[in-house]
Amino acid sequence: MTATAMSGSGAAARGRPGPLRRLRGGLAFYGFISPWLIGTAALTLYPVGYAVYLSFTGWNGMSPFKPWVGLSNYQEVLTSGDTLSTLSRTLVLTAIVVPVTIVGSLLLAMLLNKRMRGRAVLRTLIYIPAIVPPVAAALIWKVIFDKNSGTANRLLAVFGVHPLNWLTGGNAFIVLIVVLLWALGSGIIIDLAALQTVPAEQLEAARVDGAGPFGRFRHVILPAISPILLFQTVLTVITTLQTFIPAILLSPIGSSSMGQTTNIPQANDVYMIDVYEQFFDYSRYGYGSAMLVVFFVVIVAMTALIFKFLGRSVFYAVDPKAGKR
Amino acid sequence: MNNSPAFTRRSVLKGFGALAGGAVLAACGSSGGSNSAAKVSDIKPGTLTIMSPTGEITADQVAAFQKAYPQVKVTQINTDPTRLNAMLAAGNPPDLVRDAGTDVTPYIASQGLALNLDSYFEQSSVLKESDIMPVNDAWKWDGKQQGQGSRYGIAKDWSQDAMWWYNTEMWSAAGLKPRDADTPVSYDELLTAAKAMTKVSGGKTSQFGLWYVTPDIDRIAAMVATAGGRIISDDLSTVDFSSAEARQALLWIVSAGKEGLGYSVVNPPADWDGPEVFAGKQAMACQGYWFTGFTEATAPAFESKLQFNAAPLLGSTRISPTFGAVGYWIPAKAKNPAASFAWMETYCGGAIAKARIAAGDGLPSLKSLLPLLPQRNAFEKKVVATQHNELNYIKVVQVASPYALNTAINTTLAKDFPKAISGGMSVGALADLLTTDVNAVLAAGKKSLGQ
Amino acid sequence: MTAIKSPAGSTDTGRRDPAPVASRPPGARRLARRSPIPFGIAVVVAVVMILPFVTLIISALTPADQMGINRWLPGYLRLSNFADAVRYIPFWQLAKNSLVLSSVFGILTTFSSALTGYGFARLHGPAKNALFVLLIGTMMVPPIVTLIPTYLLFSDFHLVGTYWPWVLWGAAGTPYAIFLYRQYFSAFPKELEEAAVIDGAGKLRIFFQVFLPLSRPLLITAFVLAFNAVWGDFIGPNLFLNQSNTTLAVGVATGYENSQGYPLYNLLAGGALIYVVPVLLLFLFAQRSYVRGFATSGLK
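Residue numbers (the working numbering), protein chains in the order written: chain L, 1 to 325; chain Y, 1 to 451; chain H, 1 to 300.
Hints should not be assumed to be uniformly reliable.
Claimed, not checked - Short derived list, chain H residues pointing at chain L, Cβ under 7 Å: (1) G40; (2) A42; (3) A46; (4) L123; (5) V145; (6) A171; (7) G173; (8) P213; (9) R216; (10) G232; (11) F234; (12) A249; (13) Y265; (14) A269; (15) A272; (16) F283.
Said to hold, decoys possible - Pairs of lysine-lysine, DSSO-like flavour, derived with a Cα cap of 27 Å: (17) K204(Y) x K419(Y); (18) K44(Y) x K335(Y); (19) K66(L) x K395(Y); (20) K73(Y) x K335(Y); (21) K73(Y) x K128(H); (22) K66(L) x K447(Y); (23) K354(Y) x K73(Y); (24) K177(Y) x K44(Y); (25) K305(Y) x K419(Y); (26) K67(Y) x K144(Y); (27) K199(Y) x K66(L); (28) K382(Y) x K395(Y); (29) K308(L) x K128(H); (30) K281(Y) x K199(Y); (31) K177(Y) x K419(Y); (32) K66(L) x K446(Y); (33) K128(Y) x K305(Y); (34) K144(Y) x K446(Y).
Since the hints were made in silico from the structure, they are not lab data. These numbers were taken from a predicted model, which means no experiment stands behind them. For glycine and all other residues, C-beta sits at the position ideal for the given N, C-alpha and C.
All chains, please: the whole structure from these sequences, using the hints.
Shown next as structure tokens:
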């Protein structure tokens, strides 16, 4: 990384990266990123810091009195059966949804990579659910699974089956998974692009060597697309852990507006819902903030774990560190 | 379109929700001292921001108010817990908050969130002390108890929400003898009647005998009160569900759900009692007086088929409570409290109130408005007669706590009850579980107040 | 309708793609190219994905009294449900608000993210790597963390109830978009800048006149993503806006209830359907560029 391209105006000679030039270069860098930097400091870092501060208090969101409770909120987060069960529920949800999403999306991409009639149309149709705003998606599925007027039960009635209560009890969890998996197609754009980067000659060579489709996949395709898959996995894990809107909008009765956490079946009581309840039902701002800090740590830890364990199998055709000429 | 006084889930939750927070960054605890110079004639020109469910306050009503007070412009914000929370935390609350007095008064009053309105009431020519109905005791707090002390709000309209209706045709079709509307039924009899009217075929219930039973803390407390018991401690900081009366109440709720006599938390309805009754899916509805107007508006055919009855009793103490007394309170930091109070006067006792009461929206806050209750036909006359009789039994049931909002408590209840209704937990175990869980919520609340 | 084309067709990015694309191997195999199985599976999947929309349309056309009936299709359809749906809430007003917010935010963040992405990709400065880590880190922050504190902050400046928060958020850029831009801009050869520098161009001009025009697909992608995010955002407007200026997301999610708070599913379905149409249209029109935007960045 030289400083040659850094200089501003002037045909100043290359290879003379004096301190002034570097300073000016640095200024340019900071100049360009300043909106982001300032925005992030004010709109992300400060609120996060404030939340961390709150996590050490027992504030109820109302009184001017913010009693300092030290680490007791954290203690409670880590030992409370309720909180831990919502956390484990969220982890289970993630463990189910993420592999299915990544694998499913890849399979679909591979499928749609083959030549076929109407391929472009099919791709579009499969991708469309990913475009639908999450709020609309949740409402769409709520309409479908509503016990009394939903399509699912109407269909069952055609076969003479009793209407099921989809949105309560254990069924609710399944419905939640369905809602999250509906946007499976969102990964196919990236996967398709990734598939284009698989070196054809290697593929052909493998074919010639007698490798079957699985062999070709394992040894040629997978390594080539592994960086993308890693990236996708991490992103999907992060977003699935934070599932909130579908869980709250799928509540079976009462209005669909926010704040109706009373109706959420226990099966859908995921971590973010619990956080919301702590803040706005129980007025425990301090505890809720502690939950969020712990959650952030969990997210970072999981990301690190994924990088560590899956990162090892990621094959970089080109060293990511080099190549930035 | 009127909302039933806070006893239905949504309005209850919205009411509570509207409360879930609110930092008064200035002085806490204005406990009982009156403000000086609190005259309605001190109205400053400006905006009046009212937090109220969208659609409840109509454009006509706003216009009427603004005509009377042209220097004030009304803006509405939809009731939202997060929003109110944040506004109070920022020190910039709405000028009026629509809420359920029975549920929020101890909380908002003890923490100094709400303005003590005594001085305003003293000077009011519309909301005169002698004229105010006893239901508004729910908006009173004296530092220790709800029901006495200073006023912190007033109901806009209300009903005695434990009263109930039954479909006379279904009732007699099940072989039940017609009841005297003014004699309270026992909860046990209710279950028996419900059983007779519940029709199940092929695993599907085509007709529910009972109404939609929800485990709300104020309902349970009221049930227990009619048996002479009490759930919450005298200092409002702990609960106990293990008394015989409390267990009886819990058993009733669990049985109703378990035996499928009515919709329950494990089997929620598509719509509230009203539409379900009108669709012939339910034989009973647990709604107060305001249901009259709803029936006339949506299903006039039912006017001849419904009977309005006195509230049921678990024991022998006759109490017919309200689960709302929905009205308004004024945040302590409101910028134009005189204008806020002017709204209260007009909406809850003045011209706008008169129009609403005459339309049968609910019972009035002022005794002088009682004659306005519509009695245009036989249906209305009978209903009003039963209602008048019932008015003698209104009483504040102690259950709301200054340490936690009912939202929090009801969330807990909704989590625990399914364990007994469909999960096989015994009522005794449920009682213990509820006691533990609700006490945890109250304790956390107490701690956050530094106590 | 334009459809997703294979992104490999694009060659205007100067990317170093050594091999021809794998989906069209040189020695094309005649066998199995038109096998009906993959096509069949793809059709089934596509149908499954679209089915919810179909059911939504049916629900939207169902009259209120047919909602509880145990029949597959309602006895009769009611087109005027849609008219009711847009009357039940101030639909067009809310839609206009959503449009304004989404567009403003979209445009602002598209350019702001590009600026920042460019900075990370082509410029250098002290602590740059640390800042990049910060960027990634901010993607992991659950939005709810910032909710109340941000409200307090905006409230102090009297910006609640206005659209200013979105202007500020837009100006700050979006981490994901910044990341995409950074990947994208990193791939350009140095010669591009050097040429411009020789011509005497300053950094800003280089950015605007050289790099930005070359990133058209990514601009569109970033805009579509941002527009979508605001169009679908519910928590934000619910907290920061008033009844008079809130968005369609809030309206559709909370408005279709009767006075007791029970949902009116047929109206809700109609409203939700109309609500998603604009973003679908946007996507369909911008498809080609949208796909290319992803394809040509973030791949390494």
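Query raised in the report: Which numbered hints does this structure break?
Result: 1, 8, 9, 19, 21, 24, 25, 26, 27, 31, 33
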